[in-house]
Structures are given as C-alpha cells and as structure tokens.
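Protein chains: 2
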Amino acid sequence: MAQNLQESTPQKITPRSENYSQWYLDVIRQGSLAEPAEVVKGCMVIKPHGYAIWEKIQQNLDKRFKDTGHENAYFPLFIPESFLKKEAEHIEGFSPELAVVTYAGGKQLEEPYVVRPTSETIIGYFFSKWIGSHRDLPLLINQWANVVRWELRTRMFLRTSEFLWQEGHTAHATHEESIAETLRMLDVYAQFAEEVMAMPVIKGVKTETEKFAGALTSYCIEAMMQDGKALQAGTSHDLGQNFGKAFDVKFQDQSGQLQYVWQTSWGVSTRLIGGLIMTHSDDNGLVLPPKLAPIQIVIIPIYRKEEEKAQTLEFSNTLAVSLKEKGLSVKLDARDNYKPGFKFFEWEQKGVPVRIEIGPKDMANNQVVIKRRDTGEKLFVSSASAVEKCNDLMIQIQKDLFEKAKKLRNDNTHIINSYDQFKEQIEKPTPGFLVCHWNGKKETEAKIKEETKATIRCSPLDTPDDNGKCIITGEPSKKRVVFARAY
Amino acid sequence: MAQNLQESTPQKITPRSENYSQWYLDVIRQGSLAEPAEVVKGCMVIKPHGYAIWEKIQQNLDKRFKDTGHENAYFPLFIPESFLKKEAEHIEGFSPELAVVTYAGGKQLEEPYVVRPTSETIIGYFFSKWIGSHRDLPLLINQWANVVRWELRTRMFLRTSEFLWQEGHTAHATHEESIAETLRMLDVYAQFAEEVMAMPVIKGVKTETEKFAGALTSYCIEAMMQDGKALQAGTSHDLGQNFGKAFDVKFQDQSGQLQYVWQTSWGVSTRLIGGLIMTHSDDNGLVLPPKLAPIQIVIIPIYRKEEEKAQTLEFSNTLAVSLKEKGLSVKLDARDNYKPGFKFFEWEQKGVPVRIEIGPKDMANNQVVIKRRDTGEKLFVSSASAVEKCNDLMIQIQKDLFEKAKKLRNDNTHIINSYDQFKEQIEKPTPGFLVCHWNGKKETEAKIKEETKATIRCSPLDTPDDNGKCIITGEPSKKRVVFARAY
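Those sequence lines, one after another, are chains A and B. Per our numbering, residue 1 is the first one in the first sequence, and the count goes up by one each step. Per our numbering, residue 1 is the first one in the second sequence, and the count goes up by one each step.
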C-alpha cells in the first residue's frame, strides 16, 4: 500500500541499537510486509509486498520438493478432537494451543473439531486407507496450508496464532529409509536457506525437551539473527512408528508380514520471512537477497523541466525492457506526484536490491547511476554495460549478503568451557551461540534455561565428536551442543 | 495413489446412462482426484492428481489477475462474529452455514470467531485502515485461501464444507469504475473457462433471489453439464457501497469531500474441477483438456522378451526427451510390474490427453502409435514427426473439446414460450437451458422453482433485448432469462 505514504514523509525506522524489537516492527511496517490483525488475537494480515516474498519462497521450495519426488495434496482444515488424543505425546504438546470449533451450521457438534495445528493425525488416518502393500511405499506427500496455534505471546511472522506453511508427510517401509528422508529434507531446507535466503544455518538434532510432540527425533536448521538470538527456521522429524501405531497404518512386506510404516514430517512457515528480515535488514529498512526480491531493480527517472521528462522516461523505459529481457524483475517508478528523494526512501525501505537513477546529466554522459541497497555503494556505469552490470550485481549481492551473515554468525559463536563463562556471555547485548559440553540430561538443560533463558538449539550434525565435560556437572560429554536465547 | 491399483484390475466406472451421480463419483475415484473425508462432515481430501489440476488452474488464473493489476495478500482465517452482522443481508445469507470457534488456547473466547465463509467483512475492516485518499484507489487485492460453509448436502468438488478458492476484493472511487472492474473480472473468468477449461459459459446477471448476500448486483458465468444441468462456475459482485458503509471505508475525493468507496468481489473455487469433470469426461473416466492436464502425454513401452526391453525403453526415453524439449508434459511409464493393458486403462481413467505406444514392430517400422483420449482415435505416425504431431494434437484436442461441449450446450438450449412447454422440457432426462420470458418478480421465480426445481441461472449479457410475455403471467418482458436445474 505505497499509496499510504503519498502525502507524508515516509516514517523513520527506529535504529537497532536503540530498540531491536521496535526496529523489527518498523521494518515490517515501512516495508509494507504485514500488519497486526488486532481484531483477531495474535493474527496478522500479510500485505502484498510480504505475500510476494512468500510466493517466491513457495515457488522455490515447491520445485525442490517435486524434484525430490513429492506430490502436493490437500487435507481437511478440521480434525476430530479424538484424533489428536491417539498419540499421547502429540496431544500433550499441542493441547494448550488448540482452537476448537464447537458448533457449525447452527448446531452444536457431537464431536468438536480442532483447527489443524499440524496434520500428522488426519494424514495418518488417510495413509492407513491408502497403504496396503510395500509397493505403495514410499508415499511422499506435501501440503501447503494455513495452521492455527493459539500462542500467548505473538510477534509478526515469527509467532502468530495463524500462519502459512508447508508440511511434508511421508511413509516408508523401513526405519533406514525414513531416516534418510528426514535428513534429505533437512538438507533441502539448509540449501534453500543458504542459497536462496542467504541465511547460514546449522543443521542439528533437537534434545528430547525441544523435539516435536510425537516424534522419535527432531532435526532442525538454526540461524543466528543480528542480535545474537537463535531462530529455528525449519524442522524435519523422524516420527518412527508412533503415528503408524496410533492410526494403524500397516503394509504387507515382501515376505507377506504386516508391519507398521515408518513416517516423517517436515515443515517451514512464514516464520522464514521473520528470519529473512532479522538476517539482512538495516536501520534504513528491509534488505532482500536478489533471489527473493519481488522487485530486483527499481529505475527512477529524474527530471525538472517538462522537456526533460519525455526523454528521461524513454531512456528509462528502454533500459527496463532490456533488463526484463535478461530475466530480471524491474519496476520503473514513473509516478509524477512524488519527488525522487521520496521514491529512494520508499524503495530502500522495501528492500529492492538495486536502484538505478537516470537524469539529464547521466544521459548526456551516456551513463546511469546504480546504487546497491546492501552496501549503499554508488556506481557510475556506462549505459551500454548497465544490463550486464545489474545481472552481475544480483549474483554479487546474493553472495555478499550470505558472507556478511556468515561472518556475523562466526563472530558471535563462542566456545564456552565453564558455566561462569556461559552466564557472562549470555548476558551480553549480542549473546550469540554458546557452544559447550552438556551431560545430556533434561534436568541440566532445565536448570540452564531457568537461570539464563538459554535453550539447547541443537546438537550439530556436521561437527566431529569432542570429548569434554559438562559445564554444570563436570560429567563426561562426547559432543558440544549449541545453546542460545531464541525467538 | 496409483499404487492402490497394483494388485487388482482397475475398477470399472458406472456408465452415465445408468447413473450419472455414481458415474461422477466413480470418475473422481478412478482418476485419483479426491475422496470424501468422512470423519470431517462434508469435507474431502484432494489427492495429488486432483491437486495438480488445481495448481494448473491457480497458475493460469493468478497470471491473469496479476496482468490486470491485482496483488495477492493474506487475511485472517477467523473473523469476529460481530463483523458479519454489520451487513444485514450478508449475515442473513451466511448465518446458517457458519462454523464457529468458541474456545481457543484452553479458554472460552469472549467473542466467538467465525471461520471465514468469504472475506468481505474482515477485508472491509482493513480497507478502512488503508484507504484515506482518492490516490489510494483503486485498491486491487486477491487472496488464495480455504473457506468453510457448513452445507447440508455436499458433493465432492461441487459443494464441500471446506473448499479452496480465490477471492478478489477491490475498492474504487466511483461506481462506474467498480462496475467496470466487476465486468472485467467476469470476462477474465469467461475467457479462462473457455480458453483453458474448454468449457463454454454464458455471462449473465443473477436475479435478486440468487445474488450474493450483500451485493448490489451479482454477475456469473454459467456452464452446462453433460446431463443438461447448470453449473455456476464463477461470480463477480458489484458490492456498491454496502460494505463501505458497514466498515466505514471512506476516502477524500479530489474536491476534499469524504466519500464511501465502491467495492467489488469475485471468486472461483475448486468447484471448477467438478465442472471440468462433467463437461468432458466419459464412461472410461476423466478427460482433460491439454491446457489443464498435469501429464499431457504418457508413453508406454511394450515388450515381451528381455532383449526387446532395453531397446524399447531407450527409444521411448529419446522421444520423451524430445517432447519435453518442446515444452510438453510427458510421463514415461516404465513400470515393470504392470502389463501395458493395465497401464492403458489407468492413464485413460486419469484423463491423459494423448498416449503413445512403442513396441518392437513400431520401432521396426520407424513409427509410433498415438491414441487420443477424447476421441479414442488411433494414429500411426512416423517417429520423425511424432513430436510435431503431439504438439499439434494438444491444440486440436483443446479446440475439439470446446467445440464438442459447445455443441452439447447448443443442442440442449431451448427457446420456451409457454409454461406447459417449460414443464415438459424440464422433466426430460437432459433438461438443458430453458430460455424464456419472465415478469421479473420474485413470486413468479419462486413458484417456478417450487413446481419444477428450476432456477433462473442468469439474464445473459450478450443477447439482445426481445420483447415478449412472461410464460406464467403473460406480463410484458423485455429480455429472456435462462432457467435450468442446477448443481
């Protein structure tokens, strides 16, 4: 709704150093990404610019899911309440967050329906109908949908009562195959996060305390935000036979024996947009990696006199056409009722990676001015090489954003060897990842959380074993885990 | 879930002449399009093949919406109950069908939330926040979402308690502009239906009785199914200032006066898939127009001896690659554990427009056998020209399906000049469209519906005025309307 800004100077964004939470909300507001729904507790409206980013995320992920053999389907929004109770851990985990439909069509329902918080149960029910033989396996399904979890504390994109996501659900003949699937999709998520979102992630295993309610093992990708807090960006669960047993999903194996299937589920959500914001954006607003920018390049014609106008617009338009032919997404902002400075500000706040300014002087010199959103760098480029330069910049900016984020993460990752050191680090303004030994016990994990608000984000997959001692109890530990305060 | 069929002969489809309703359900089952959810009243699961068709519908429509200047956004699933009551006709129309969330997060809600049956009210609320000046207009928004209407009688795709759809919502400065938008989107729907679905439609105006609850005027596209019943395939509503007034959506016009906006809304849903089925399919199952077929061409290699296998597969694979390079969607069915006859049957039931058979004899003759799903025609084509032929066939089949459907509609459209004639025609096995004069009164419309189960589908836009007399009362009428029994 750019139109809202028309008569006023664009609003400023609170600097991160002053108030990081307010900065986050300001970036969302000024980027026209979303706004709180207010009248529907904890929900938000995803505005066109925010939704366009979600569409780019969807398209890219959807192709990766299909390339790995998954098919999309759609299951009901409503789930009979009794379904959730069939898996004991599952209902225990989700019960505080459920929204429940108790009457419909003017009548009290005999059995209430839960609005899906996730779909393992209803999909388990259908898998039991669809699977009979080992030849029906693997069954590889994905669903794009809205889900509802009634959260106490909400924050736009990161945690909302309703959110949009995808949930993959697969069934396999052996545990070996379902573990392979769980890890394959974790890799898909990690590659997407790093290659497309330019957001470095750690792949790891969740602890018992942090795992998905109903899973044997939960895997995750964890990212670090600019303020040194962690964000769980995606999860992939080895469900074992838990839902298979709860919903009687059996198949006849090659020897004719009836066996329960082995299942997985995995999901990412609109939360990714929150991660995207807090990975790249700055005090001027949103910064988007080129691969997810709905508009990659904005062209702003600059003229004072009426006779300059036609020529500048024609020049701008010719360039826009060439850029589009190169496959770039371009917006020519030819609005008459705004000054260039206002437009600069607006598109900066919306995160457009590259701005091109074209004025009479530039045309006379046969050049254009290119400004990078991420670094603020200004380049003077000959008109003839502008298209090539923009194309190169898309690749360069994507790479630079990733490297910058990776450096921030590395600079804020600390090897911790004592609880005193832990407590000192966690209280710093940018606490970061605290990598330390832990005795593997729930009680220790709970004590640390209680005393420091830090949780175990994961036990990383890609780091070697490293014998050491738990920072609390001194008990032996074979591997360091990653602690952090988290969103 | 083709896998289900593995060990058994594919199930047969009830012939249309025997039981049209059962035929419809059989086509859906054998085409693996969907199945009833049973445990969630009136809901269905959209299976991968059905969902793939919906994705093709979405992609094509979404481009048309964007090309006409609309942006996608997402609004909350839940709507405060009081919102629906702000527009009197709206709540009266929707109240019998609402599903209501009364507790969430373990607590009774102070105000229940309605699960959206449509989003005019919640979007009206946000429009009032976003619109201030004439420069904010037009505001052109679309949403892809699920909606819930608790229907008493449901039928897969055609009427389900939950369904998927898109809903466009726009706001304009003048009634002239909002009417133009309403008709523009009606045209988009009509073009999509005819060009992509190969389903001829009549564009028309709904009567007061049949219009959307809360609209000034509802426009629709109406299609005729093979059994001579009508299907409302899409609607576009001129909402006037009804929701603008209910939600206080005002703008300052160019003279500085505050005015209510003029709004439109328009939608199509997964119901289109029901229309697609009943327009083209036959007693062998689904028939899909090439533009909506997830798989356009299936290649079936035929071999008996092991030494024939490698050669046939290689030949098939080479052809598949060439077809894909041409931009066609191809499946090479190289499954070992099925006989060719079984595969023929399966892909026919799934509606794949063209099948290519390749056996040792064909290869020896340097030819392939091509079979059209729609006509059953078999063509023997030289290998060298197979790609070109397939490409031509896509265009030809698309065209032929449309012409065939148009002929069926025209053959079953009857000019009716007396109520006796009307009653005789409506009782025929294929009643069709009854085009006749009506006095424009609700009472007459109600009497005809009561006595014949026929409703006024629309007053067509593209037919000239034609002075005549109401078939019931003899009162003067300026235009014939279209009656039919409808889904």
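Worth double-checking, as some hints may not be accurate.
Same chains, same names: a pair is fine if it fits in one copy or spans any two.
Said to hold, decoys possible - Below 27 Å or equal to it, Euclidean Cα-Cα: the simulated DSSO-like pairs (lysine-lysine) are:
(1) 326 with 63
(2) 107 with 85
(3) 343 with 66
(4) 389 with 305
(5) 107 with 211
(6) 291 with 66
(7) 361 with 211
(8) 479 with 406
(9) 291 with 63
(10) 331 with 63
(11) 478 with 250
(12) 63 with 324
Simulated from the structure, these hints should not be mistaken for laboratory data.
Verification of the hints:
Proximity of residue 326 and residue 63 under a CA criterion of 27 Å is satisfied in both settings, with 22 Å inside one chain copy and 20 Å between copies. Taking CA atoms no more than 27 Å apart as the test, residue 107 paired with residue 85 passes in both settings, with 24 Å inside one copy and 19 Å between copies. For a Cα distance limit of 27 Å, the shortest separation of residue 343 from residue 66 across copies, 23 Å, qualifies, whereas the shortest one inside one copy, 39 Å, does not. For a Cα distance limit of 27 Å, the shortest separation of residue 389 from residue 305 qualifies neither inside one copy, at 29 Å, nor across copies, at 58 Å.
In this assembly of identical chains, residue 107 and residue 211 lie within 27 Å of each other by CA distance solely across copies; the values are 26 Å between and 38 Å within a copy. With identical chains, the CA atoms of residue 291 and residue 66 are at most 27 Å apart both within one copy (19 Å) and between copies (20 Å). When the C-alpha separation of residue 361 and residue 211 is checked against a cutoff of 27 Å, the pair qualifies neither within a copy, at 61 Å, nor between copies, at 59 Å. Taking CA atoms no more than 27 Å apart as the test, residue 479 paired with residue 406 passes inside one copy only; the shortest distance there is 23 Å, against 71 Å between copies.
In this assembly of identical chains, residue 291 and residue 63 lie within 27 Å of each other by CA distance both inside one copy and across copies; the values are 14 Å within and 20 Å between. Proximity of residue 331 to residue 63 under the C-alpha cut-off of 27 Å is found in both arrangements, the shortest distances being 26 Å within a copy and 17 Å between copies. For the identical chains of this complex, residue 478 and residue 250 are neighbours neither inside a copy (38 Å) nor across copies (66 Å), given an alpha-carbon limit of 27 Å. Taking the closest pair of Cα atoms, residue 63 and residue 324 come within 27 Å of each other both inside a single copy (23 Å) and across two copies (17 Å).
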